Structures are given as structure tokens and as C-alpha cells.
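Chains as they are written, first to last, in the numbering used here: chain L, 1 to 358; chain H, 1001 to 1358; chain F, 2001 to 2358; chain B, 3001 to 3358.
Quick caveat, the hints were computed from the structure, so don't treat them as lab data.
Please read these numbers as outputs of a predicted model, since none were measured by experiment.
Idealized CB from N, CA, C, for every residue including glycine.
Hints are not guaranteed to be accurate.
Ranges of calculated distance between the beta carbons of each label pair, as one might list FRET restraints [unchecked claim]:
1. L/34 / B/3296: 16 to 24 Å
2. F/2131 / L/296: 33 to 41 Å
3. L/326 / B/3018: 39 to 47 Å
When the alpha-carbon atoms are kept at most 30 Å apart in a straight line, the in silico DSS-like pairs for lysine-lysine are as follows [stated by the list, open to error]:
4. L/154 / H/1105
5. B/3216 / F/2154
6. B/3003 / B/3154
7. F/2358 / F/2154
8. H/1003 / F/2003
9. B/3003 / L/3
10. H/1105 / H/1358
11. F/2127 / B/3003
12. B/3154 / B/3105
13. H/1154 / L/127
14. F/2216 / F/2154
15. B/3127 / B/3003
4 protein chains.
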Amino acid sequence: MGKAHSNALSRLPMFFPDAPEVELDVLIGRDESALANAAERFGFSRTATNWQDVVDEVDVFYNLGPNALHVEPSIEALDAGVSVFCEKPLAHTLEGAEQMRDAAKRSSGTAGVTFNYRFIPAVQYAKELIESGDLGEIHHVRGRYLQDWLVDPKAPWSWRLNDEVAGSGALGDLGSHTFDLMHFLVGERVGDIERVSGNLRTFVPERPTPNRSKMKPVTVDDAFTAQAEFESGATATVEASRYATGHKNDLSVEINGSEGSLRFSLERLNELEFCGADDRGYQTILVTEESDPYVDHWWPAGHVLGWEHTFVHANQEFLTAVEQGEEHAPSFDDGYRVQELLDAVARSDERSEWIDVK
Amino acid sequence: MGKAHSNALSRLPMFFPDAPEVELDVLIGRDESALANAAERFGFSRTATNWQDVVDEVDVFYNLGPNALHVEPSIEALDAGVSVFCEKPLAHTLEGAEQMRDAAKRSSGTAGVTFNYRFIPAVQYAKELIESGDLGEIHHVRGRYLQDWLVDPKAPWSWRLNDEVAGSGALGDLGSHTFDLMHFLVGERVGDIERVSGNLRTFVPERPTPNRSKMKPVTVDDAFTAQAEFESGATATVEASRYATGHKNDLSVEINGSEGSLRFSLERLNELEFCGADDRGYQTILVTEESDPYVDHWWPAGHVLGWEHTFVHANQEFLTAVEQGEEHAPSFDDGYRVQELLDAVARSDERSEWIDVK
Amino acid sequence: MGKAHSNALSRLPMFFPDAPEVELDVLIGRDESALANAAERFGFSRTATNWQDVVDEVDVFYNLGPNALHVEPSIEALDAGVSVFCEKPLAHTLEGAEQMRDAAKRSSGTAGVTFNYRFIPAVQYAKELIESGDLGEIHHVRGRYLQDWLVDPKAPWSWRLNDEVAGSGALGDLGSHTFDLMHFLVGERVGDIERVSGNLRTFVPERPTPNRSKMKPVTVDDAFTAQAEFESGATATVEASRYATGHKNDLSVEINGSEGSLRFSLERLNELEFCGADDRGYQTILVTEESDPYVDHWWPAGHVLGWEHTFVHANQEFLTAVEQGEEHAPSFDDGYRVQELLDAVARSDERSEWIDVK
Amino acid sequence: MGKAHSNALSRLPMFFPDAPEVELDVLIGRDESALANAAERFGFSRTATNWQDVVDEVDVFYNLGPNALHVEPSIEALDAGVSVFCEKPLAHTLEGAEQMRDAAKRSSGTAGVTFNYRFIPAVQYAKELIESGDLGEIHHVRGRYLQDWLVDPKAPWSWRLNDEVAGSGALGDLGSHTFDLMHFLVGERVGDIERVSGNLRTFVPERPTPNRSKMKPVTVDDAFTAQAEFESGATATVEASRYATGHKNDLSVEINGSEGSLRFSLERLNELEFCGADDRGYQTILVTEESDPYVDHWWPAGHVLGWEHTFVHANQEFLTAVEQGEEHAPSFDDGYRVQELLDAVARSDERSEWIDVK
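Just chain L, same shape as in the assembly:
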């Protein structure tokens, strides 16, 4: 994630000349030599192994560490008036997310969550279509995020499989993106999700450590399924897995409305499939026209963008908000609301019943 954000920042001057100028001050990490190395490669002035020492010395703090390290440093930074850009999910617990949301409210700094997929041109264009009424009344939403990197039972254990550090597994890591994207796209039309029913599953209960010396327990979910209901009565299915053979990084959303439907998949992120009121089937649209969101900053029509561009757009928006002292969307409140959903799915799984959100 550090690489993705560093890269994004380095590209702003050429493609978004109006974005604030950025100086990379201090890179925080654990291992001093790796840190020095990375600092040089990415262009930081200095390094620190203790975040407390430096978190109030900067204008903006990027919190890209494991989920369990989101809460305390973010709150301390915000309380010092430092703006914070935090990786998703907002926290490893609902309580932590709540504290972060409250810190953001009382802070003079700007707080943002890196739900970078909001900033894909095709996603922004989809949102425009939905909000302008081209889909009519929304009936159904399907969100799912499919990966396959854990399908091999011998794939090694990592911190992402430890609930104390990660909070949850596919649910937090992939479900957070999925719920945020769904809400971002249809929230204006159908309101919030009011209740959910979830099912979590861990297929492989322990995995070898990276050096293969011993087995460590997997204490998070490998996959989840969920149903959801929006305020308007629209229904949804939601799902994520790290065991979906044949899918690498496949976040997809489908939406059916009374006037039209649309589909998006992250593996073809330059495309949007849209079936409007005058159409007889889904159009496959290459969302790369100069008139499409963000595209005029890059290349001529038909010249596709990649995954990393989502970070450039997200950083540009966040830093502009910081510079102007404004709120950024997705905010910590947005992050908190996603966390509520993750928490509700997990509780639903425990209780085998639908859970009202809020």
C-alpha cells in the first residue's frame, strides 16, 4: 500500500498540476534497514520506528499499517490537528472505528478512508447514471469480491489471517470495499442498508508459517456470503472469498433498476456494462472518453488506465480537501458505517438471524 500511495503522489504534478504540492517527510516502520531502503526509493527525508515520535510533526498522516494499528495512531494524529488518510477497513473492531469517527469529528484535520475504487472513471460514470435516474427505481444490487490466493491449503499464514490484527478476513478486507462501493453507487437512491444476514466460513483452519517451520491457526473468515436490505426495500446479495478459483481481483457490482441495469468488474476496470431504457441489451462501454471522470487528465480516448490510477485520483481528491480544509468523501463516518455492516454480518453469522443495522 505504501508503494501504491507513493507512486500516486509522485504522479500528481504531471497529471494533476492543480493538486497540492507534497513533500515526503517521514516514513514509519519497524525494521530500520528496510525502512532506510524504502525511504530512499520512495523519496522520504527521514524515517521513524515509533509513530508517536513523529505523528504530530506532519501535516498529513497516511495510516497504511495492519488494521489493528489504525485506531490509536489515527486518533492521536487527528487530535493533534493532523489530517489522516487511513487504509480500509477503518478499524479491526467496531469500537475502534467509532472512536476514530469521533476523533475525526472533533479534529481540525481532514480524515479520509482509502476506498480507492470509488475513483475509477467507470464507477464514477455509473454513479452519474444512477443518480440521474437512468436506472429508475433500484430493485436489486449484487456485490461480490472474488480472489483465489488462499485456495491452496499450503499457502502460508500471514497477519491477514489473525483476527487480533486484521479484525476479520475476507469480510473486512474485501467486504469493506464491496459494501462501500455498493453504498457509494446506490446510497442516494435507496438509502442505507437497514438489515443484513451473513454467513462466514473458514475452510482451512491452520496454515504453515512463511518459513514452513510450524502451523499457525487461521482465526478469520476465508469467505462470507450475506443478504442485505436497503431503506427503500431494494435487496442485495453480497459475497467475498479468497477461494474463488479463476478470479484474481474480481470486485464486481451489478444493479437492476426499473429503467435500466449496470454491471462493473474490477478486472475490466475501464469498462462499464449498461442497459438503459432505450437499449435491448447491455452496452459494453469503454469509459475512456475525454468527457469521462478524470480521463482528461491522462491520455486520449481509448487509451486504458490501470489499477494504480485509482490511487492517484483518491490522493488528489484527499489532498485537495486537506488543502482547502474541507471534508473528504469517503470520510471516517463512511468508514464507520461500513464497519457497522461488517460487524452486523459477523453478528448475524454468530446468531443465525438477521441483524438490524443501527
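Using the hints, position chains H, F and B against chain L.
Positioned in the frame of chain L, the structure of chains H, F and B alone reads:
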């Protein structure tokens, strides 16, 4: 449905010369003049307006009426030793389905449910791949059946929207196919569905009668979502809707296993998408080789079949079972088990909790 | 082909009740026992091994034999006032096609060529779009027909590989369909093809006889490529091959106009891809609505048709023309014009220069 | 193009740390104020309006000007021992290309053409498959490059439509990429193209100047079609257009061999469609694994790249060759050979006959 089966029967001699010879004896219906007309067109010898008068005078009784008329005539036929081929869902209530299952057990006749989509070459081929282990251990199943014929709130009311006649809406009509197809494909590997969580939704509560003279209430679901869990621990999402703009008759199944994945859609019924252990992505396979199930009866490789061929195959299998005095799959027991799932989804919706099946 | 047409005729009464009634009189062939067998299966009253004996005893003569047997029997039938439905390509030589065209002109019977792909609902719908101006001025056409059944050098020799019987290889067999489909779709807008440049290729010069006893020479093309130019100045590429690994029966056409574009593939014959003036990409249209050509005769929306339905439509149109004493399109003149193109492509290949057609 | 290369150079340190360090010295252009502006944005030390003044003062000269300005400056640079990276097509005339090729041969500098599409991971992977024999003997190649930016007759005139500056239209601009990509992929297996037949077309003979003050003649082709034959006997169709409605930047290649087939399209540049000997259809492969060419330099599996990454790869390869004093592929000889094909297609169009290449 009468047209689909009549057509299927008429094609057996040319394409399945080993199938039993069929004589169309009596066509049952309500309206005498329409009945006489249809009998002539389809080639029946006589007609009847009262099923009780004739149901024991034939070797085989095709029960193609509305769902609420499945129970009594089927049981009476079976008890008279007449074989019965019944449209899906098996009944409009779980109790009715149970009685039908029991009648089938005690009858000397053969009982079959017309889950015709089992007999698509691509579906049969998918089943072969799954059962031969090409997908490995099954982790996820996604079944959904999307149509859009009710998305217009002015579309007229019909018996399918009356729970007393239909039993349920999208759940029974489309969900029955979906659950059967899922079970048919993966049942041998993952066992039965052990529990479900469901959500039913009616978007338009009343609709005009066909002649537009008045409004009648819609007393069935327009759409449902569900989650399911198999004996093996594999998870599933299931969904059907008559409000999915852009989808006409789109029954699709996706299955992810530890070694491979596959996808099928009824709108492209000659194709199967398969990603095996040696593949780097889904192959799009045209399942029209002479070596593919049923294909050698038809045309050379690459010459695609249509929807109606599923009925030819289903009828050929059923009539052969009748002739040989054997059981047919899908049996009334299969139909009953699907009904159990439909019933469990509906009860889950009422209670907002997971329901154990059986 | 006999099976395809017999099947088509047998389905007319149920689905096209207004089509003329047909009586299968005499089946012509070489091998008496095979003939008797086939006659019974398909429902013919009698058989003949000499076409001269019977060709004037029927109302309609279906000429489905090898290409070299198209000319003489068709002409004799037409000269006897018998209507003729002839398989494609019209003849094995341009001279033969010319004589057949002339015979058709002077005959009281109706003459038709079985370019059955004209009668696919998606193709008819494409033609409507083009002729109503939805594509604007046509700039480019791409026609190609890809199969792979000869890619194995050990695949056996057959009459289709003998130029004396077949006239040509992929050119006549597949190119005839391709050129006819192109002309059918865009002819009204761009006129005839005025000149062509072609390239024929035989990859495997000899093949084993079916019983593997000896090798026989392949004297036709395995594949061809061509360029073409229409009267309007629109350009085309045309291609066919029996060596296109991965393609079974893939006749495809793409058309780009100033206002829109469309694409069709026979392997997905229920679909049309269309990009109109208000679209941002190709719509994938399932051409199965009741309002689509021929569809109201079959099944509800979304219930797909197969390859064989093209023959039902073609026979219905042809027999209706016969009954009404009218011309049928595609006529022998259409067949002759396709033959002119095949001949021009072959001559262009020999001379390595563009050939003016006509 | 300047922006694409500047961006590429700026990204090398972070992603290709072993690439030579680059100092942006002098930016050459016509308009002094625009030049100063661009130099600052892209990070050049100085500017020049006369290439002769500076072309021998640098280690590497990037020639990104209009085609007619490729010859003289490139030769002067090479003769001064300066390495040259030149945009495609190599020149606006065959004679110019020949002189450039000869200058490259005698120079101590390295000369490269920016056929950047060679450096797409999916293209490199396709080449590996072909060269390792996974497609067997190659029978057919289809190359085409479809754009639609000129389909509106009111789209303004530009230098690209002037043959004196551009040399040709779609042929040189798009056909050069297409021929190079075809040769790059299959050249090792099928040898060079031995002969071609071409057809050029200009649909709109004059267009308004950008300020709409007057009309200027279009003296280049809007589109071309061609056939080609390789040394091995493999056949090809080639095509490019700026009038292909619905296609933005769609360079595609399809290859059929005796053992397998593949397809690639630039609009989905992260994907390769491959049908191998053990496959029953085309696999859709996301070429984004760590083991895929160049991918380990970027992001984790499944995280897609964009159009601009092709320039990063191309620059990294070229600059590494410069540093090591080695030849770069594609070389000026490769560029010359493409120019021979463009020239042969144009001559074939003039003469209406096949032209032998060389």
C-alpha cells in the same frame, strides 16, 4: 408447456428412434372450443374437461396445469398405476409435495418432475466435470434466475401472482429450477443443503387484470434472495427475480472449487465456461461435439441447439424410464426436496432467521 | 442436409400452420437399402435411384446432392415446371450456375437457394437496422466463416475435397454463405461487390481415404482470404477456413457505418451486437422477443432457438412462394451472383490481381 | 507522445531501479512559450527550437515529431554517435526509412523504434506461447486496428491527413503497429511476409481546418485492407480504419495454428485469449501474475496495468540497450521492414495486383 411437451414428443421418432412410441390420447383442459382446437393442432385423439374422467385411462399422465392442480390429479393417477410427468414446482405447498412423493413411492407407475434444464448438454457435461473431480473440493455455488417481465408495474395480473394457485412467485417458479440445478450439479460432492436464510420481496402489490378493468392483489413474491449451506460446508447464494431489467430468461450457475470453476447461463445454453487445474482462465466451451451428451442425436459439431431441445431430452429419458418400469430422475422425491428448500426459504423470510432443512 | 430439411418440413404444421401442406413423395439416392431406411425414418412414400425417372413427377424438387449434381437435375426439373430448392453453392462451376439461373428465368416453377442463415431472427433484425439507416453510411464489412474440422492432417478425405465434385473447398462451401450473408445485409445500402482480390491455400495436399487404405489428393482450397469493394466504395475483407482451431461453425459478420456498427456470430445465433448512434458501445441483444422476426411462432421471450430453426424458416418462406407462384429470395439469380464472386476470387488467386466482377 | 515518454521515464526509478538513470536535458519544439511551459512541467533543463543545434549534445535523442521529421534529425544524431529512439512509422517514405536503417547500421549509437505494443505483458506471453510451439504450425493471422475518430465528416483536418507530412494515413499510423505486432508474434515461426495485396480508401476528401475557416484536402487514406502471405505459406488479413464506429483504440490480433489459437485486443490489454491443444475453447487469461513478463515490477496478481505502462517497458528496454551498447529490438531494421510492407500495400493499391516484398 403443453406446446413444449407436444413438440418434444413429436420429435422423438426422428432423433431418438429408440424412444418408446407415443400415442397422444386425450388432452385435458377447461375451455371446450380452445381444447378442440389445440387437440387438432397437437394431434390428440380426444379431449376431456374433467381430469377425473380420464386420468386412469392412459399409461402416462402429463400434469402441466397450474401448481395448485398438481397434487390431487397426480396422486389419483399414480394410485391407478399411471405414470406421471409433472411440471415444476412439484406442488404449491410442502404438504402437497409430501403427499405426491408418498404416492409416487407406493405407485407401480413412474413419477418424474420436468426439471428440463438438467438435460442441457452443457449442464450434463458440467456435472461430469464436477463428479470426476475436475473442480476439486467445492467451496462456493451461486445460482440465480433473472427475468424482467414484471418490471413494468402495468404488466397485467395472472394466476402466477396468486399464492393460492401458484404457491409462491419467483421463489417457486424460478427458485425451484435454480435449487434443482444446483443440487443436480454438486449434490454428489457436497451433499444436501442443510440450512437456508431467505428474503422475499413484492415490489408491486397489485396489478391490473388483463382486460384492465380492475386491480388485483399480488400475493406472491416478485423476487427473493437466499443464502445456503451444504453438508460439506460449501456455501451458496441463490436469487431469482422477475424485475431484473436486461435479463430475459437468465438462469445461471457458478461453482468455485479448489481445483477449478465453472459458469453456465441459460441464455447461452450451448456454452459452458470452465477453468480447470491447468488453465489460467475460464475456457468458453461450445458443448456441441458429437461426444457431448445427447449431441450425437442431432447435428454436426458446432451446430447449436435451442431451449426446446431440453424438453426432447427430458421426455426421452422419462418415457424410457416408464417403458422399462424404472425410476426417473428427477423423481418426485427430488421435487419434494426442492419444495422443502422453497418452504424453508419462505419460513426464513417470515422469521428472519436461518432455517434448518429437515 | 436431407435430415435438416426433413426435420424442417415436419415442424411446419405445428409452428407455421399457414405454410403449405407437404407430402414427402420420393427420396432419391444411390444406395437402395440406405435409401429405404432413410425414406421410412423421414416419412417418404417411395424411393428412386435415378433422378431422371422422378424429377418431373413432383411439385417441388429438393436438390441436396453434391455440388456437381446441382446443375443438370435442377435444370431438368425447372424445365418441367417443377419448383427447385437447391443447396449452396448453386453449382460447381460458374457456367453451371449461369445455366441454372437461365433455367429458373424461363421456368414456371419457383427456384430457391438454401442460404438458410438469412432466416435467423438476429440476421433479419440486423437487416432491418441497416436498411432503416441505423448504421448510416456503410464503410466496412468483415465476413468470415471459421471451422476447424480439417486441422488434423489425418482427417479423412471426402468428396468435399475433390474439385470435380465440389467445385472448390472452403471458398464454395463457406465463402458462398459468407458472401450471400454480406450481400443480404448491406446490398440495399452499398450495391454489389464490384471487384475482389483473393488468395486460396491448400495446407495439406493429400489425405487418407476413410478406410485409411490409401492417400487421395486434395484438389480444393482449405482456406481463402479476400478483399472486396462495393459499388458505394465500402470495403470488405472476407475469409473462410477449415483450419481455424477453436472455431467450430463460426460464420461472423461485422459492419461499421457512419452512425453505428453491428456484429453477428453463428455460434451465438440468438444474439446481435449493435452499437447505435446513441450508444457508447455494442449492446448484446438477445433477439428473442415476440416482436422479432419469426420469434412469435416459437416460444416466449428469452427462450433461444437453435441452428435447425433456420431451415424451418427457409422452408416456410420457399414453400409459401411456391404455393403462391411467386419468386423466392434467395433466388437462383442470387445464387449465380454469389457464384460470380467465388469465381472471381479463384481467378484473382490465379492471376494475383484484382478481378472486376461482371 | 512527449507526455507518454516523459511519464515513462519518470517512473523508471521506482519500478525499474536497475534501469539507467536519465537526465532530461533539452526539449525541442517550435513554439518557444509552449516549449518553456512543457519543459518545466516535464522537467527538462533547457529548450531548443532548432534540432541541429543540440542533436549532438545529448546521449540519446527521442524523435517524436511528425513522420516527415524522422529522417534527417535521426540520421544526423546517429552519425554523431547519439542513440535515437524514434516514433513509428520509421519514416514517411521508404527511401527515408532505408537511409535511417543504413545510418543505424553505421552508427556507434543504439537505434530503436517505439513499437510499444510489443511490451505488453499479454503480448510477450503470447509470443512465448507461439515460440514454444503451443499453437503448432501457424495457418492464419488476422491483424486489425480500428478507431473511429474521423467518422464524423466535420472532424477537423490535422497534419496526420497530409501525405507530405504523414506519408500515409491509417496505413502508416495504425498499419505500422499492426504489421509490427504480427511480425513480432509469429515471425520466428512463419518467416517474413513475402507478398501483399492492398486496398486504400479515403472516404472524406476534405475537412475543415481546426478554426473552421476553410477546407483542406485529405491526401492520405482513411482506411485500408490487405491480404498477406508469409514465407511458410501462412495467410493473413490486415486492416485499419479511423472510421470504425464503436472502436476507440482497438488493435487486435488473432492467430490460428494447428495446435492452438490466440486472440488479443488492445482495449483489453491485460487479457489474452488462448485455446491450447488440451482446451475445448478459448481461455480468457488475465496476464497479471508475478510470473508474467514485467508484472513483478508492478503490483500483485490481478491488479491491471494501463496503456502507459507499455511506454515504461519500452523505454526501460531501450535505455538498457543504450547503456550496454547493444542493439535494441525493435530496431531501425525492423522499422524499415514494416515500411517496406506499408509501401508494398500502397503500391498494390495503385496497381491492383499483389506485390512481392523485397
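Results for each hint:
Our hint of 16 to 24 Å for residue 34 of chain L and residue 3296 of chain B holds, since their Cβ atoms are close to 18 Å apart. At about 38 Å, the beta-carbon gap between residue 2131 of chain F and residue 296 of chain L stays in the expected band of 33 to 41 Å. In this structure, residue 326 of chain L and residue 3018 of chain B meet the distance hint of 39 to 47 Å, their C-beta atoms being roughly 42 Å apart. About 47 Å separates the Cα atoms of residue 154 of chain L and residue 1105 of chain H, which puts this hinted pair outside 30 Å; it is violated.
As the CA atoms of residue 3216 of chain B and residue 2154 of chain F are separated by approximately 59 Å, the hinted pair breaks the 30 Å bound. With a C-alpha separation of about 27 Å, the suggested pairing of residue 3003 of chain B with residue 3154 of chain B holds against the 30 Å cut-off. Taking the CA atoms of residue 2358 of chain F and residue 2154 of chain F, the gap is near 40 Å; set against the 30 Å cutoff, the hint is violated. At most 30 Å may separate the alpha-carbon atoms for a hinted pair to count; residue 1003 of chain H and residue 2003 of chain F meet this at roughly 23 Å.
Between residue 3003 of chain B and residue 3 of chain L, the direct Cα distance comes to roughly 23 Å. Compliance with the 30 Å bound is thereby established for this hinted pair. Taken as a hint, the residue 1105 of chain H and residue 1358 of chain H pair is honoured in the structure, with Cα atoms around 19 Å apart against an allowance of 30 Å. At most 30 Å may separate the alpha-carbon atoms for a hinted pair to count; residue 2127 of chain F and residue 3003 of chain B exceed this at roughly 44 Å. Between the alpha carbons of residue 3154 of chain B and residue 3105 of chain B the distance comes to roughly 44 Å, so the proposed pair goes past 30 Å and is violated.
For the hint pairing residue 1154 of chain H with residue 127 of chain L, the CA-to-CA distance comes to about 28 Å; that is within 30 Å, so the pair holds. The suggested pairing of residue 2216 of chain F with residue 2154 of chain F holds, with an alpha-carbon distance near 12 Å, which does not exceed 30 Å. Distance check on the hinted pair: residue 3127 of chain B and residue 3003 of chain B sit about 28 Å apart at the alpha-carbon level, within 30 Å; holds.
Of the numbered hints stated above, those contradicted by the structure are hints 4, 5, 7, 11, 12, listed in ascending order.
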